[in-house]
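Student: The lines below spell out each chain.
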Amino acid sequence: MAKTYQEINEKIAKGEAVVVTAEEVIDIVKKRGVKEAADYVDVVTTATFGPMCSSGAFLNFGHSDPPIRMAEITLNGVVASGGLAAVDTYLGATQPSNDRGIEYGGAHVINDLIAGKEVHLVAKSQGTDCYPRKEIDTWVTLADLNEAYLFNPRNCYQNYNAAINTSSKRIYTYMGILQPNMGNITYSTAGELSPLLNDPLLKTIGMGTRIFLGGAQGYVSWMGTQFNTACERDEKGYPTTPGATLALIGNMKEMNPEYIRGAVYEKYGTSMFVGVGIPIPILNEEMMSFVSVENKDLHTNVLDYSVSKGGHPILKKVSYAELRSGSVDINGKIIKTSPMSSLKVAREIALELNHWIKKGGFFLQEPIQAFPMGNALKGLEIKEGESR
Amino acid sequence: MITKKILLSFPKVATGKPMAMELIKTYNLDFSILKALIDDNIKGTLLLEIRGEANDLNAGIVFLRENQIGVKEVQSMVVVDEKKCISCGACTAVCAVNALEMDENWSLIHHEDKCLECMLCVKACPMRAIHAVM
Numbered sequence: 001m002a003k004t005y006q007e008i009n010e011k012i013a014k015g016e017a018v019v020v021t022a023e024e025v026i027d028i029v030k031k032r033g034v035k036e037a038a039d040y041v042d043v044v045t046t047a048t049f050g051p052m053c054s055s056g057a058f059l060n061f062g063h064s065d066p067p068i069r070m071a072e073i074t075l076n077g078v079v080a081s082g083g084l085a086a087v088d089t090y091l092g093a094t095q096p097s098n099d100r101g102i103e104y105g106g107a108h109v110i111n112d113l114i115a116g117k118e119v120h121l122v123a124k125s126q127g128t129d130c131y132p133r134k135e136i137d138t139w140v141t142l143a144d145l146n147e148a149y150l151f152n153p154r155n156c157y158q159n160y161n162a163a164i165n166t167s168s169k170r171i172y173t174y175m176g177i178l179q180p181n182m183g184n185i186t187y188s189t190a191g192e193l194s195p196l197l198n199d200p201l202l203k204t205i206g207m208g209t210r211i212f213l214g215g216a217q218g219y220v221s222w223m224g225t226q227f228n229t230a231c232e233r234d235e236k237g238y239p240t241t242p243g244a245t246l247a248l249i250g251n252m253k254e255m256n257p258e259y260i261r262g263a264v265y266e267k268y269g270t271s272m273f274v275g276v277g278i279p280i281p282i283l284n285e286e287m288m289s290f291v292s293v294e295n296k297d298l299h300t301n302v303l304d305y306s307v308s309k310g311g312h313p314i315l316k317k318v319s320y321a322e323l324r325s326g327s328v329d330i331n332g333k334i335i336k337t338s339p340m341s342s343l344k345v346a347r348e349i350a351l352e353l354n355h356w357i358k359k360g361g362f363f364l365q366e367p368i369q370a371f372p373m374g375n376a377l378k379g380l381e382i383k384e385g386e387s388r
Numbered sequence: 001m002i003t004k005k006i007l008l009s010f011p012k013v014a015t016g017k018p019m020a021m022e023l024i025k026t027y028n029l030d031f032s033i034l035k036a037l038i039d040d041n042i043k044g045t046l047l048l049e050i051r052g053e054a055n056d057l058n059a060g061i062v063f064l065r066e067n068q069i070g071v072k073e074v075q076s077m078v079v080v081d082e083k084k085c086i087s088c089g090a091c092t093a094v095c096a097v098n099a100l101e102m103d104e105n106w107s108l109i110h111h112e113d114k115c116l117e118c119m120l121c122v123k124a125c126p127m128r129a130i131h132a133v134m
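Protein chains in written order, with full-length UniProt numbering: chain A, 1 to 388; chain B, 1 to 134.
Hints may contain errors.
What follows is a set of in silico ranges between Cβ atoms, one per label pair, in the way DEER data are often shown [to be verified]:
1. A:A370 <-> B:E104: 45 to 53 Å
2. B:R128 <-> A:F151: 38 to 46 Å
3. B:P18 <-> A:G332: 50 to 58 Å
4. B:N55 <-> A:N256: 32 to 40 Å
5. B:E82 <-> A:K236: 33 to 41 Å
6. B:R128 <-> A:Y5: 40 to 48 Å
7. A:G127 <-> B:V13: 56 to 64 Å
Rather than coming from a laboratory, the hints here were simulated on the basis of the structure.
Cβ coordinates follow ideal geometry from the N, Cα and C atoms, glycine included.
The task is simple: from the sequences and hints, build the whole structure.
Tutor: Quick look at the structure:
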């Protein structure tokens, strides 16, 4: 029997909703079958905790007396955008600091702010009639700011490729350190627990979906950048290549520093681990069937990161069960596989979201607009000529 | 006969004294120098794998301490800060001997005795949670 968002929310309000994680639901479906499980379970919680470079924060510092129109801004030595109004800025997660480089970047400043630490704000301006101040040097905490919210243009990749290196040199990538001569394989996913792999056709996740973001209640605000719903899929509709992405928003003042962490990838750059949990309403048997997916049924390609021209070549298609097993056979060679995203913390997030819903502190929000299917990716063409 | 890996720290006053010689001659100990360095404050650090009878080893360590040399038993050249570690697994990708590996709950475990001291995990850790002991 089909359920509506309203009916599920009424159950949550009464404390009667049956909420399980996307890992727990697999056995429930095996025991009871899709039909009975769809009646029994109301919400399935999914989660991921991995490096997501396309992240950052909008901040408003408030006005000093006399005021300044901040043009060049640094926070703990990390450059933030001076391209917004007088005391607004956007701090990108991957921006390295002027003094410590990639070892401390925008993501670390964001983590420090969420942890309640004082952050050194230095800004300069040319001075205007209405904003006469030319310099400011002060310390701010998250509590001092008027607004501070994460706005991450691309999080939660639906699927992602695994990485290998066929060259004779070690390479340093955002997929970690790849040893020469196919010495290792790295992958980054929560697999059967991952949000968008449990709703492969985005039937319940869209603009306005309420989520867990960094320990706060946040929202899906838009389709993520490089949103690709025209990707390759298996016969059931699960993407076998990167696929959809989400733009996420949430109030930093309500976040937990455990779930938003600065990261450093050697000889690559700064990134940010973002903790995301998304509840999936079991509206019908189709959704129950989607969320019961297992790692053995989810696939990705192992790509050669030592070749960059014309895209990384595909070496093999593998299942997440194979990647999780610890090794994969490529052309007769047994190659060690290692994760890059934390399944341990993803499980904690799925459970925390589960508790929020069971306690009646988190209600499902039906998307106010569905995302487009069949949306393909474009590359960047290099056009000759200095003027047009 | 037992074997221990010990990290010795020599303050400025002790640097230059023939301590290792004493360990061999007086205390019947045998050792391999795994790593040695002297910093610009003339403070020395020496990592030894030391072998001998238990009472000789203990007496040797007492002798070193009496000469103001710090003695610390170590298993591995790297320390994982559990408060910073998020169990992502990035370090396990480069650990050829599986001294760092994921357990059945996808939590990082550190088998200190397996470490071959390549130190690649220090660079691979995105949380910078892995540090060298010297």
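Student: Does the structure break any of the earlier hints, and which numbers would those be?
Tutor: Violated hints (numbers, rising): 1, 2 and 4; every other hint is consistent with the structure.
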